[in-house]
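**Student:** For the record, the sequence lines run as chains A and B.
In case it helps, this note's numbering puts the first sequence at residues 1350 to 1444.
In case it helps, this note's numbering puts the second sequence at residues 12 to 491.
It should be emphasised that the hints constitute simulated quantities derived from the structure, not laboratory data.
Wrong hints could be hidden among the right ones.
[Stated by the list, open to error] Here are a few chain B residues that sit away from chain A, every Cβ distance over 12 angstroms (derived from the structure):
hint, residue
1, 23
2, 62
3, 243
4, 346
5, 391
[To be verified] If you only want the chain B side, here are some residues facing chain A, beta carbon under 8 angstroms, derived:
hint, residue
6, 27
7, 242
8, 385
We put the beta carbon where it would ideally sit given N, CA and C, even for glycine.
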Amino acid sequence: MSLDTDRLRHLARLARLALPEPQLAPLQHDLARIVTLVDALQAVDVEGVPPLAHPLALGLPLRDDRVTDADRHADLAALAPAEAGGYYLVPKVLE
Amino acid sequence: MTVVELARRLRGGAVSARELAQQALDAARRRADLNAFIALDAERAEAAASAADAARAQGRDTPLLGIPFAHKDIFCTRGLRTTCASRMLADFVPPYDAHVTERLDVAGAVLVGKTNMDEFAMGSSNENSAFGAVANPWDGTRVPGGSSGGSAAAVAAGIVPFATGTDTGGSIRQPAAFCGITGLKPTYGRVSRYGMIAYASSLDCGGVLARTAEDCAHVLAALAGHDPRDATSAQRPVDDYVAALDQPWAGLRIGVAREYFGAGVDHGVAAAVHAALRALEQQGARLVDVSLRNAHHAIAAYYVIAPAEASSNLSRYDGVRYGHRCANPTSLEDLYTRSRAEGFGAEVQRRILTGTYVLSAGYYDAYYLRAQRVRRRIADDFAAAFAEVDLIAGPTTPTPAFRLGEKSGDPLALYAADVNTVAVNLAGLPAISLPAGFVDGLPVGLQLIGPAFAEARLLAAAHRLQQVTDWHTRTPGARP
């Protein structure tokens, strides 16, 4: 699959990365080489092999449905770049 | 000096934890040229060391009590900046401690600082750090390896006797090999990932870099165990790693994986590793030829799976809740996209985009799902080999440490440096890299791989080798 500039712009949009124009060509070059590297997988015979998403066969652990964490609202809000009255501030979404 | 030697001196009253902490801080400042540390915290070290001295005066005597160490700057430390070597987290002060941080606090070890690394643990040379590259203590023009490059350099230079690290594709073992120290990547799930900043969650694994396997055993004893805050934390008893070091092991079968000596492996590296294996043979081990047929597909599978998981994990950095935020955003979209573009370095952006690509509509089956099927083949190869042998051996890296800048313009050349390490993460197995000689004055690493949860066996074999060889005692100040 060719990784052209339009495709790269689309990926950048999906990944929420603002890519300046001058970066596009070198990135396209690098990504195309990475895609060629991983394309080697197409030649492996994996017929009938179930995918392995996780190295260890772990069940999904369950716990009692109880609140176990303390209220850390103030600690977490203090990390925000912009915050007021316990809410995160972002640019206006609706006019 | 090793953890064990320092503990003996502390126990005998020859030195105090406060003195050791001061020596470590002085050494770190004296070796600022290495750029191994992102932060030092003298105040915290002083308080922890005083507490350790007081506890010892009260009769407490545990293996890590009063021992200075450093955390890779990927482990959250409450109240102490944790950057992951990224501009994105340059001002991030975690409100909580990682599980690993808590465990070493409880063990009485004394944190002196946070070590440099590749940004978000993505790299094999420590050149992808927002805080600059790290120099290899054996040769300042060479890389220390990565991503735990600062931890490896700090231990190799004798600043601290041990440091924590994380290993997603070789990030403990490869820098340990390049810096001539011992690095242990435990089984996936053996050490909790809680508070360890995520890169690729099905591969990430916390561990330790130290001088000796014996020291690694003491540190792993402190780190290992179930933690309900990490859903993938193993619920299984922790072995007595220290007691296992001296258990008899005659007849241990070591599989020599022929694929790990393939094209691209430096002749000197291969010769050094074979010599180390012969030393193990003389100690009663039996060397057996084994094959890992899909080993050469590991890099391709890894560079689909790890970026896919990274692109998902790193979506949390949005400039809203914490981390870098761009100036004067004009819209929410602008806020997201510019904050992320400014906050992430080039390699992190490459991996996010690669991951986005392999997960995007129309490509998921061809790349991500296929990589997971190849991952199963790789894990099955190990399982088949471990039906015949107790451990698998080979060189940790195909070459000794390369020069700073030598591969930094070429992501693929850097990816190839992980050729002998990534398969272990795909299969979730434990592995250790230990010093096995030198090529042109640069350290060579021997990698031993074990079945899941066989850390005790791995450490015992490594310890045995270190009792009959002295490569691990060499330091950059006293070159061979």
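**Student:** All hints are to be evaluated individually against the structure, with a verdict given for each.
**Tutor:** These are the hints, each one checked on the structure:
1. Residue placement check: residue 23(B) keeps its beta carbon more than 12 angstroms from all beta carbons of chain A (closest about 42 angstroms).
2. Annotated as non-interface, residue 62(B) keeps its C-beta farther than 12 angstroms from every C-beta of chain A; the closest such distance is 24 angstroms.
3. Non-interface call for residue 243(B) relative to chain A: violated, since the shortest CB-CB distance, roughly 6 angstroms, does not exceed 12 angstroms.
4. Distance check on residue 346(B): its Cβ comes as close as 6 angstroms (rounded) to a Cβ of chain A, failing to clear the 12 angstroms threshold; non-interface status is violated.
5. Its closest Cβ contact with chain A, about 8 angstroms, brings residue 391(B) to no more than 12 angstroms, contrary to its assignment away from the interface.
6. Against a cut-off of 8 angstroms between C-beta atoms, the interface hint on residue 27(B) is violated, since the closest Cβ of chain A lies about 34 angstroms away.
7. The beta carbon of residue 242(B) comes within 6 angstroms of a beta carbon in chain A, closer than 8 angstroms, and the hint placing it at the interface holds.
8. With its C-beta approaching chain A no nearer than about 5 angstroms, residue 385(B) sits inside the 8 angstroms limit, and its interface hint holds.
Violated hints, in rising order: 3, 4, 5, 6; the structure is consistent with all others.
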